[in-house]
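Residue-level listing of the chains:
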Amino acid sequence: MQTMTATRRGRVRVNPYKIFIVPLLLVAAASLGTAPATRVACGLCEQPDRFVRLQTASTDSRPVGSQGFTHPFALSPEDWKSILTELHVQRQAEGLLIPVPQGPVLSAFTEEEVSYLSVTLSKAFAQAQPNEWVVFGLTRSTPQGLTELTTGGGYVEGPSLHVVLANYRKVVTMPGTRQLLWERPLRPDAGPAYDLVVGNHQTIVRESGFVPSLLSSSPSELAIAYQALLLGEPAEASVTQKTSAANQLAIPPSTIVAPPLSIEDRLQVLKRLQAQGLITEDEYRAKKQQLLDRF
Amino acid sequence: MNSHKRNLCFGSVIVGVLALLSFVTYELSMYVQNANAIPAFARKYGFSCNVCHVPGFPKLNDTGNIFRDQGYQLGGDGDLPTHEGITMGYFPLSFRTTVGYQAASVRTDGSGVSTGGFGFTGLDILSFGTLHRDISFGLVFTPGLGSAGFGTGASDSDLEAAFVRLNRLERFLGVKGESGTYLMNLKVGKFELDVPFSEKRSPTLNTPFVLYHYVAGTPYTATISGTSTSSYANPNSFAIGENSPGIEMAGITKTAVTDGYFRYSLAGLSTNAFSGPLSGCAGGICPNGAVAGTGGQNVNFYGHMTQSFGGYGIVTGQRLGVFGVYGNAPTMVNATCPDCQAVGGSGQPFSRIGADASLTFDGQWNLFGAFVHGNDSKNLFVSQAIVNAQNASWNGAFVELDWYPTQLPLVGMPGWLLSYRYDIIRNDRQGDPTFAKNYNNVDSHTFMARYYIHQSNRTDIALHAEYNAYRTEGVGSKNVVLGSGTCAPACGNLLGQTMLVGFDFAY
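Protein sequences appear in the order of chains A and B. The C-terminal position of the first sequence is numbered 304 in this note's numbering, with every residue numbered one higher than the one before it. The C-terminal position of the second sequence is numbered 746 in this note's numbering, with every residue numbered one higher than the one before it.
These are calculated hints, taken from the structure and not from any lab test. Incorrect hints may appear among the rest.
[Claimed, not checked] Cut-off 25 Å, straight-line C-alpha distance, at most; resulting in silico cross-link-like pairs (SDA-like, lysine to any residue):
(1) B:K493 with A:T156
(2) A:K90 with A:L53
(3) B:K415 with A:R48
(4) B:K415 with B:D498
(5) B:K493 with A:E157
(6) B:K493 with A:L155
(7) B:K415 with A:P86
(8) B:K493 with A:P184
(9) B:K493 with A:T151
(10) B:K493 with A:G154
(11) B:K439 with A:P184
(12) B:K493 with A:K90
[To be verified] Between beta-carbon pairs, the in silico distance windows are:
(13) B:H684 with A:G154: 36 to 44 Å
(14) B:Y661 with A:S75: 23 to 31 Å
(15) A:S124 with B:L412: 56 to 64 Å
(16) B:P320 with A:Q299: 40 to 48 Å
(17) A:P113 with B:S476: 36 to 44 Å
(18) A:S150 with B:L370: 26 to 34 Å
(19) A:T151 with B:D601: 22 to 30 Å
(20) B:Y661 with A:G74: 51 to 59 Å
(21) B:F357 with A:G74: 44 to 52 Å
(22) A:G74 with B:D498: 31 to 39 Å
(23) B:S386 with A:G74: 49 to 57 Å
(24) A:T289 with B:Y746: 52 to 60 Å
Don't be surprised by glycine CBs; every beta carbon is placed ideally from N, CA and C.
With the hints as extra help, turn the sequences into a complete structure.
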């Protein structure tokens, strides 16, 4: 128990309102943000324990450029399955006093999750508008009966499919936290403990800046050259950062390499991309000739 | 008057600093509560802090309470300190303090005292965890720091808690419970009692739960020294809000009928003071035939039982409970009347009995409170030479409403905890009959806002703002009619305010 000494100064009037209101308003003004507008993409997309939906860009997400996203975007469930199985995560390095290396590289989604997402993402992206993200949320139970949440989203910008994992396998116990992440799936809750790992035809893109670095952790964002990935073209993984060079990435380029597709598979993918309007007739012919020349 | 203006001017400057930096704390050092938040657990399990806490820590949510009740175990192999999944980066050690600006003012008998300044509260060094499966431990060390209490008073160095807890002892009796059942858990050492609502984990930092600390005869003043108050001596210093050395058997089990939990705790507590020796009685022969001798160590008993419905009762579901204390308080030697202790006897009884309730709504609202009736034996006061002493009895209660919205309306901000608490004490009878019945009645109002600036699986930091205003009746030292002289039976009230704005962080 401590004893405070003091001098006699007479009566002091303390105005609580000033003390409280000013900082609260400051914090509030600095963090304005409401739940973004969303719309349902399909019946299968909205389930009690998982969802895929469309969401307009908000304070939680990267702003849409003047051109907007390249939406709507059509890929078949099979193509989405190919893309999703190529996504990997790795636990971030940590350690209080002793540095601890990153965890093992893991597939980002289970087979069951890939099955669900490939169908629903295909439908959602096909309906997405240029100002809309496609966002998703997944849950699973731990052996201890706790609930883990994974949330994130994606968009297509030119030849790149961008994927953000805002929360990965986050244990959530407060109903309010779950509701919040369900409403704002692109908002990282308590910083990511996992990062997306760079694979073939994938590039890490991470927003950085003083305020986000100080007050919150930005989730990693992966840009995927989806056409090359679907065609199974060999490519070197690379890591880039959009801003602050001082903010070094913790994720080194990984050596995840997908097994090469057969010439038959590549021709089928190419045909599918042309049929979906993702490549022009001329591009289709040129690429097909390239493949046949290799054969 | 000039000093008044200077203070107001000073306050304006402080408000300006607040506006620029959001960095002003106003707190009362004397009643800064040591509160627990243990990021080491977050590091161990890879959780964010809100897995176990409501926004803004340190208040535990349902999961955090169950984790604590289970001896800091989730029930899997990951609980073991030697589990391969636990990295070398984990060490069961956490630190916590609050930095900012504090000030307080108190007024009685026509004059006031105030103080304020930047600084920090003190430092908690916390270590909790498991030594092995179903063997838990806890340590809380507060180092003595000369500049603690915002530079106004050194803190005492103390091991506030030190215990070992053996969990699920029912296994050795052949009792097999369902997963999540921890029926018999034995704790030995010094620890926080299973009070209805933990003060150590309360989000209010500089305002105590009055009924947890109330002592009949001792003016309640969350105040700085230098104020003049009247009092009568009560050798019973037991307070359920203070950590106590002892032994505790506690348990928790799910109750399918209520879709909730039944919890209990029974503790035997030793006082760290002795009664006697009964010195002063010439030749060992005291008045009324009492025999002088050593009083010995006294043991107190505390119990608490709760039953929840539809959840644990803090974030989901509702909870009801009863609690009580029965003990013998040591009657320490009264230097001015050595014989009086012998007349009163060595250890004299006191009791507390109460009930508590916790209601939740929508996972965002928690209305909770407790009521207690306290009684202290008249012999406690006899030992202090109070003429015509009588049993002291009083009633105390508090009710608190916590709101942790998913997102703050209008601005859509998550991470807030807003709280209001009302504490009340009403005396039935004073141990010293010359004091008025309403002497030391307390009314206390506390407002608190707390914002989770940042949390991770490593750290917590919250912006904290708290304001408390209280009134303690009739504890001035001057006669309100005459302006001087003996206080009783009509004394002035004590009015106090405390404020705190600062950053509360744990690592």
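To see whether the hints hold, each was checked on the structure:
1. B:K493 with A:T156: holds, 19 Å
2. A:K90 with A:L53: holds, 17 Å
3. B:K415 with A:R48: violated, 50 Å
4. B:K415 with B:D498: holds, 20 Å
5. B:K493 with A:E157: Judged against 25 Å, a Cα distance of about 23 Å means the pair holds.
6. B:K493 with A:L155: holds, 16 Å
7. B:K415 with A:P86: violated, 49 Å
8. B:K493 with A:P184: holds, 20 Å
9. B:K493 with A:T151: Between K493 (chain B) and T151 (chain A) the Cα gap is close to 19 Å, so the pair holds against 25 Å.
10. B:K493 with A:G154: holds, 14 Å
11. B:K439 with A:P184: holds, 24 Å
12. B:K493 with A:K90: Roughly 42 Å separates the two Cα atoms, so the pair is violated.
13. B:H684 with A:G154: 36 to 44 Å: With a Cβ separation near 40 Å, H684 (chain B) and G154 (chain A) satisfy 36 to 44 Å, so the hint holds.
14. B:Y661 with A:S75: 23 to 31 Å: Since Y661 (chain B) and S75 (chain A) have Cβ atoms about 55 Å apart, the given range 23 to 31 Å is violated.
15. A:S124 with B:L412: 56 to 64 Å: Given about 48 Å between the Cβ atoms, the range is violated.
16. B:P320 with A:Q299: 40 to 48 Å: violated, 58 Å
17. A:P113 with B:S476: 36 to 44 Å: Violated, since P113 (chain A) and S476 (chain B) (Cβ atoms, about 56 Å apart) do not stay within the stated range.
18. A:S150 with B:L370: 26 to 34 Å: About 29 Å separates the Cβ atoms of S150 (chain A) and L370 (chain B), which means 26 to 34 Å holds.
19. A:T151 with B:D601: 22 to 30 Å: The hint (22 to 30 Å, Cβ to Cβ) holds, given that T151 (chain A) and D601 (chain B) are roughly 25 Å apart.
20. B:Y661 with A:G74: 51 to 59 Å: Given a distance of about 54 Å, which is inside 51 to 59 Å, the answer is holds.
21. B:F357 with A:G74: 44 to 52 Å: holds, 46 Å
22. A:G74 with B:D498: 31 to 39 Å: Taking Cβ atoms as reference, G74 (chain A) and D498 (chain B) lie about 51 Å apart, which means the hint is violated.
23. B:S386 with A:G74: 49 to 57 Å: holds, 53 Å
24. A:T289 with B:Y746: 52 to 60 Å: holds, 57 Å
When held up to the earlier numbered hints, the structure conflicts with 3, 7, 12, 14, 15, 16, 17 and 22 and fits the remainder.
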